[in-house]
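Undergrad: Listed here are the chains, written in short residue letters.
Number of protein chains: 2
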Amino acid sequence: MKEYFKSDEFLIIEEGFEPSYNRVSESVMSLGNGHMGIRGNFEEKYSGDSLSGSYYAGIYYPDKTKVGWWKNGYPEWFAKVLNGINYIGIDVTIKGLELDIAKCDVVDFRRILNMKQGYMERSFVAIDKNNNKTKIVSKRFLSMADSQIATIKYTVIPLNYEGEIILQPYLNGKVVNEDSNYDEYFWEEVDKKADDQVCYLNMETKKLGFRVACTMKYEIYNKTKKIEAQQTKSVCQEGYVANVIKIPVKAGDEITLNKYISAVTNRDYSNEQLEDVSIKEVTKAYDKGYEALLEAHISKWDEKWEENDITIKGDVKAQQGIRFNIFQLNQTYTGDDPRLNIGPKGFTGEKYGGSTYWDTEAYCLPFYLSTAPSKIARNLLIYRYNHLEKAKENARKLGFKGALYPMVTMNGEECHNEWEITFEEIHRNGAIAYAIYNYENYTGDKKYLADYGVEVLVEISRFWADRVNFNKEKDKYMILGVTGPNEYENNVNNNWYTNTIASWTMEYTIKSLDYIKEDHPTIYDKLLTKLELKDHEVDKWKDIISKMYYPYIEDKKVFCQQDGYMDKEQILVKDLPEGNLPINKNWSWDRILRSCFIKQADVLQGIYLFNERYDLDTIKRNFDFYEPRTVHESSLSPCIYSIIASQLGYEKKAYELYLRTARLDIDNYNSDSDDGLHITSMAGTWMSVVYGFGGLRVKDDELCFSPFLPKSWTGYSFRIMFRDSLLSIKVDDTIVIELISGADVMINIFNNKYILTKTNKVEIDNN
Amino acid sequence: MKEYFKSDEFLIIEEGFEPSYNRVSESVMSLGNGHMGIRGNFEEKYSGDSLSGSYYAGIYYPDKTKVGWWKNGYPEWFAKVLNGINYIGIDVTIKGLELDIAKCDVVDFRRILNMKQGYMERSFVAIDKNNNKTKIVSKRFLSMADSQIATIKYTVIPLNYEGEIILQPYLNGKVVNEDSNYDEYFWEEVDKKADDQVCYLNMETKKLGFRVACTMKYEIYNKTKKIEAQQTKSVCQEGYVANVIKIPVKAGDEITLNKYISAVTNRDYSNEQLEDVSIKEVTKAYDKGYEALLEAHISKWDEKWEENDITIKGDVKAQQGIRFNIFQLNQTYTGDDPRLNIGPKGFTGEKYGGSTYWDTEAYCLPFYLSTAPSKIARNLLIYRYNHLEKAKENARKLGFKGALYPMVTMNGEECHNEWEITFEEIHRNGAIAYAIYNYENYTGDKKYLADYGVEVLVEISRFWADRVNFNKEKDKYMILGVTGPNEYENNVNNNWYTNTIASWTMEYTIKSLDYIKEDHPTIYDKLLTKLELKDHEVDKWKDIISKMYYPYIEDKKVFCQQDGYMDKEQILVKDLPEGNLPINKNWSWDRILRSCFIKQADVLQGIYLFNERYDLDTIKRNFDFYEPRTVHESSLSPCIYSIIASQLGYEKKAYELYLRTARLDIDNYNSDSDDGLHITSMAGTWMSVVYGFGGLRVKDDELCFSPFLPKSWTGYSFRIMFRDSLLSIKVDDTIVIELISGADVMINIFNNKYILTKTNKVEIDNN
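These protein sequence lines are chains L and W, in that order. Counting from 1, one number per residue, gives the positions in the first sequence under the UniProt record's numbering. Counting from 1, one number per residue, gives the positions in the second sequence under the UniProt record's numbering.
No lab work stands behind these hints, which were simulated from the structure alone. It is possible that part of the hints are untrue.
No copy labels: a pair is met if it fits in one copy or bridges any two.
As the list claims (entries may be wrong) - Simulated pairs of lysine-lysine, DSS-like, Cα-Cα distance not exceeding 30 Å: (1) Lys-472 / Lys-568; (2) Lys-226 / Lys-730; (3) Lys-250 / Lys-223; (4) Lys-45 / Lys-223; (5) Lys-351 / Lys-64; (6) Lys-153 / Lys-207; (7) Lys-392 / Lys-585.
Could you build all of it, start to finish, from the sequences and the hints given here?
TA: This is the structure:
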């Protein structure tokens with residue numbers, strides 16, 4: 001099933017309908033606009049296998065946790081991104097027979113995702129059991145220009161018959177989550193109405209009372225001629241409203257239904273406002289009309305591509321792959337709303353509860369930092385700032401001072417349900433701190449530290465200071481009982497990465513406090529009071545920094561992933577017999593835990609983050625030791641190794657690792673894209689190109705590059721925003737860096753400095 | 001609520017009804033006869049809080065496992081001991097008003113468990129809202145003489161009214177398990193009938209098709225006069241059958257309903273036979289009559305007490321406590337059926353799934369070895385022998401050779417649902433091997449090794465040999481990624497106990513093979529073929545034995561519980577601030593895991609099992625180190641420490657530890673007896689007395705004692721079976737050992753040998 005979709009620079013094309021692959025296609029063809037998202041489901045009824053998905057940003061359900069044996073401190077619930085009102089549905093009846101692709105012969109089926117313009121288009125001919133042939137063409141988009149609006153143009157063309165067709169556009173709130181822990185139904189109807197002008201449905205979630213209200217309006221054309229009078233009625237059932245439109249047709253007619261939908265939630269309006277706003281919004285859209293809405297939508301996408309396209313020459317698959325990743329990231333998060341974040345599956349599936357993980361800080365933040373105005377990345381930081389009190393509660397619950405950010409969350413509370421993750425995978429706390437550094441370093445917005453950042457840093461440092469354990473005999477601080485980024489080890493002592501990021505957090509916190517004291521003394525005094533920060537606390541941090549224990553493999557001169565790692569049988573991935581990989585599908589959990597195999601970058605994650613601390617020899621030794629032991633069974637892994645390989649000049653290895661995620665979902669590489677797309681790992685793929693091949697770094701306020709051209713490509717280019725300047729970087733025989741817009745900027749290429757101005761591009765020979 | 005029950009040498013007495021304590025009382029008042037068991041629920045309707053429980057040995061339900069994130073190798077189901085047909089129910093209507101103790105004034109309430117004779121008796125006066133006063137007296141038992149029969153004598157005495165009472169004895173199959181993972185209903189009705197002569201109900205479990213068929217018959221008396229003609233009808237509803245008996249009464253009448261019940265299952269009969277057998281059995285019981293049935297039942301209990309009573313002088317609470325334990329163990333397992341085993345809660349509750357744990361081998365086996373003919377203990381071994389193929393499958397599932405016995409099971413398959421237990425708590429495998437040694441050593445039945453034992457030993461040794469990991473650098477075999485008996489550590493490396501018992505298993509297997517080769521050469525040859533055992537395998541075991549790694553704390557000269565244990569902050573239990581204990585109620589799981597505190601005997605468990613290997617100084621150093629770090633939050637822990645304390649002459653400590661479980665359930669010490677009783681730990685309490693205070697050991701076929709008298713007691717005595725001789729051991733100012741029955745036996749007291757004959761008791765001064 002690899003290479004199921006046709007290659008194209010800007011399109012994802014499915015030709016011919018393959019029911020067994022439908023869930024994957026639905027995932028790949030997902031649309032979103034930051035406010036909401038839908039999987040590539042069919043409008044008309046489909047009784048075959050399908051994962052129906054209509055998601056609304058920030059609307060979730062606290063499902064009762066499912067654990068075998070409850071233990072103190074376990075989260076009570078696991079937050080689920082909710083499948084909500086399905087607004088795409090249009091049932092079709094052809095001369096009394098309901099159209100169901102699963103029950104027809106389907107000819108000339110094409111489903112296309114147009115990434116350039118952000119829409120999905122579908123066409124096919126259905127031949128039903130009465131031998132009536134009907135061509136269907138549908139095109140839909142969720143407006144990037146007006147995020148509360150979705151529009152569908154649905155055309156029915158009778159090819160060989162005359163008679164009556166019925167179109168039944170509907171809103172259906174009776175939807176379920178496949179991943180409901182106890183097969184519960186999460187929604188209740190609040191209100192509805194249905195007449196020929198407008199269908200309105202308002203649903204509320206149980207427990208938290210989130211409301212989603214959708215309204216739809218429609219118009220009917222035969223070719224270009226609007227049909228005013230149809231024989232219609234409306235349907236109003238529990239959680240369901242619809243219009244029923246009967247149309248007499250003859251062969252050659254082209255009956256088009258334009259369905260306009262508004263979707264508003266009580267995250268943005270009061271419950272009382274919902275009906276009014278929803279109807280007003282859809283009416284406005286209806287009045288603008290389909291073409292005008294589409295035009296505004298495309299124009300927004302043009303802006304996005306202008307800001308963050310990557311082009312690749314000489315490899316159309318690679319081009320398609322990278323654009324797919326950029327496209328999905330832009331669909332998932334637009335950065336307008338600091339209450340939102342980036343779920344691992346975005347709006348494309350239910351898996352992982354759709355909540356916020358450390359993926360955001362470690363993988364997504366760099367993408368948004370480099371491809372959007374800095375306020376977008378800042379909103380990702382503010383999201384965590386706003387959760388600080390919850391993070392403090394979370395630490396308290398486990399018996400600690402300071403703040404422990406959750407492994408998974410929707411509202412700041414922990415909602416994962418495995419002790420080895422929630423209690424032990426605490427390195428995530430460091431990622432929150434690192435994101436502040438990353439933002440400050442990239443944007444130069446140091447003031448953020450004083451306004452928000454340092455409060456988070458101090459509380460995280462307090463957590464680390466309470467979580468370490470002083471070993472008198474060894475005169476060292478240790479961190480016992482953790483799970484590192486490599487989740488194929490649980491409950492280990494002294495994970496090198498965790499110890500490293502913990503100590504680094506305290507260092508950076510002290511440095512940040514010093515800066516605020518110096519540059520913003522008034523704010524500093526207020527902070528001391530607010531945080532009740534005392535000198536002895538900072539002294540304790542200094543003591544921990546100086547006496548932190550870092551496991552080390554003496555004879556190999558590499559950092560040791562954790563205590564006891566070398567007691568394991570040391571085998572290399574290449575020596576595993578065929579059929580063993582991926583080990584998470586072929587081995588018991590027990591065997592995985594006891595093996596030396598590494599799921600994802602762990603020591604290397606640290607070397608990636610704190611790159612400047614280590615000389616090339618050290619980096620090389622660690623890469624050479626750990627890479628052959630890493631199975632990369634997280635989509636977040638290869639990008640980190642790829643970036644380091646690029647740094648080491650391992651160009652072939654860097655490209656090979658890049659390939660492992662570049663087309664992960666398009667090619668359903670891990671056979672799991674049916675569940676939804678790997679949204680957060682897409683940012684990692686982007687990083688492999690820009691940070692890896694392009695060698696982007698920001699050091700001491702200077703933008704640095706050290707690009708190389710992978711052998712399989714004839715050239716590539718990317719665009720990045722740096723402190724509100726937009727740059728284009730093009731790499732083929734020459735390296736050309738241009739300033740597209742914004743102020744002049746000092747850049748550094750292969751350790752040479754250049755000043756980039758609008759009239760002065762930098763061009764370097766690349767042979 | 002401590003000391004809720006009155007003290008008595010042979011009775012457990014509840015005086016006055018305390019609804020909030022009802023679940024505990026129901027647990028404590030449970031009855032069982034090896035074949036079935038019931039909690040101390042009321043016969044009449046009770047709308048207050050209650051855990052209704054009617055259990056049938058070996059009838060279970062494979063409930064779908066509840067885990068947060070599925071991982072390879074997880075068991076698909078968690079076996080639940082099933083709540084089945086409730087046969088004790090008798091609804092009572094007084095002049096049109098249903099009797100419900102929760103809605104009456106209740107006076108003179110007494111609920112008594114008579115341990116001497118094995119019945120529960122209850123009496124009270126209920127004053128309903130019409131001010132009708134009714135005295136109720138009920139007495140019931142599950143026959144030890146005929147395990148398929150239960151009998152209830154239920155007397156209703158109108159004190160201040162005349163009119164009609166209705167008695168409605170019933171069988172109710174519509175029962176649920178409170179611990180159902182997905183609130184499922186586990187039973188379906190097969191068949192029923194109800195007439196005035198007989199009510200019959202046959203229920204079948206979903207999935208596995210276990211059937212339980214119950215039949216009831218009744219008779220009515222007014223005082224001693226049988227009432228022949230009542231106005232009756234019968235009720236026949238889904239899963240429910242009943243007789244409805246209307247009786248005109250006047251004050252002073254004593255209306256007694258004798259309810260006879262048979263309960264048979266398709267574990268013992270074919271589905272076709274069930275109805276016939278069930279009706280035949282109950283008819284036989286009915287014909288014998290209540291008094292004759294009770295007499296036969298009591299006579300069986302007399303035999304039990306004759307065999308295994310422990311008397312304690314000078315401390316009635318201690319006397320009551322130890323008898324309660326012996327009583328419950330005898331109720332739970334009679335040893336007639338090698339398909340059965342001893343669930344942690346016996347027939348007294350649902351918790352822990354009621355399945356077989358290593359508790360059986362480590363704690364219960366010694367009790368049955370010493371208190372019953374050897375075939376009873378042998379049946380416990382045969383149980384595991386019969387599960388050998390499943391244990392091999394279980395090892396295969398995790399990728400290992402040999403056999404891994406499950407942590408929890410009903411039918412040999414693993415059915416626990418936490419990876420840190422199922423995959424890692426593999427020391428349990430050693431307990432299965434040790435039980436074979438224990439049996440052989442105690443009974444002298446070496447032939448068992450050849451007939452059954454060694455097959456189990458070889459397969460367990462094969463597992464260990466595959467599970468160890470050779471560390472070239474250290475030239476040692478290691479066992480990584482385990483959970484020891486101390487479940488407050490998960491996924492540790494080189495748990496001393498696990499490494500010890502693994503190596504010991506291989507040693508004992510080799511020794512057993514040598515014995516069979518020598519003494520049973522024909523069997524030996526057959527075994528080699530059957531097991532496909534090769535010399536190189538045995539050589540590998542020898543290599544592992546000689547190079548096994550045992551962590552050691554050099555400066556303290558004690559065995560180290562596992563790698564890294566000493567990196568933990570070393571605090572003692574006595575230094576914990578008040579309110580921290582028990583830590584499993586007050587600390588997060590995370591904090592528990594990272595602490596040095598030990599849930600239950602771990603290193604000490606090894607020292608207990610392999611006692612003869614260690615000199616007293618070594619034992620003392622280890623006890624002195626580990627005991628102050630042990631929180632004993634498993635009911636299986638204090639007994640082991642108590643036995644070692646006795647051995648070390650720490651008499652006060654031994655007694656103090658003994659007290660922690662002696663009255664665990666009677667005093668609801670851990671506030672969890674509402675869930676059911678701690679059946680398997682009761683055997684541990686028995687061991688504290690017999691192995692600890694009495695100093696019982698069997699060394700080289702010799703029965704050894706080194707008794708002491710705890711200061712709070714004026715004397716104690718116990719009886720034990722040793723190789724079919726019954727001995728009485730009495731300890732007060734003198735130590736008197738008598739042979740009650742069976743052949744002469746050589747004994748050893750304080751290292752002096754004596755020959756015990758029927759005419760020659762041994763008497764030693766104890767001052």
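Undergrad: Indicate, hint by hint, whether the structure satisfies it.
TA: Hint-by-hint comparison with the structure:
Taking CA atoms no more than 30 Å apart as the test, Lys-472 paired with Lys-568 passes in both settings, with 27 Å inside one copy and 10 Å between copies. Proximity of Lys-226 and Lys-730 under a CA criterion of 30 Å is satisfied in neither setting, with 49 Å inside one chain copy and 106 Å between copies. Proximity of Lys-250 to Lys-223 under the C-alpha cut-off of 30 Å is restricted to the intra-copy arrangement: shortest distance 13 Å within a copy versus 93 Å between copies. Taking the shortest Cα distances, Lys-45 and Lys-223 sit within 30 Å of each other inside one copy (24 Å), while across copies they are farther apart (74 Å).
Both within a single protomer and between protomers do Lys-351 and Lys-64 lie at most 30 Å apart by alpha-carbon distance, with minima of 16 Å and 21 Å respectively. In the homo-oligomer, the alpha carbons of Lys-153 and Lys-207 never lie at most 30 Å apart, since the shortest distance is 36 Å inside one protomer and 50 Å across protomers. Taking the closest pair of Cα atoms, Lys-392 and Lys-585 come within 30 Å of each other only across two copies (21 Å); inside a single copy the shortest separation is 37 Å, beyond that limit.
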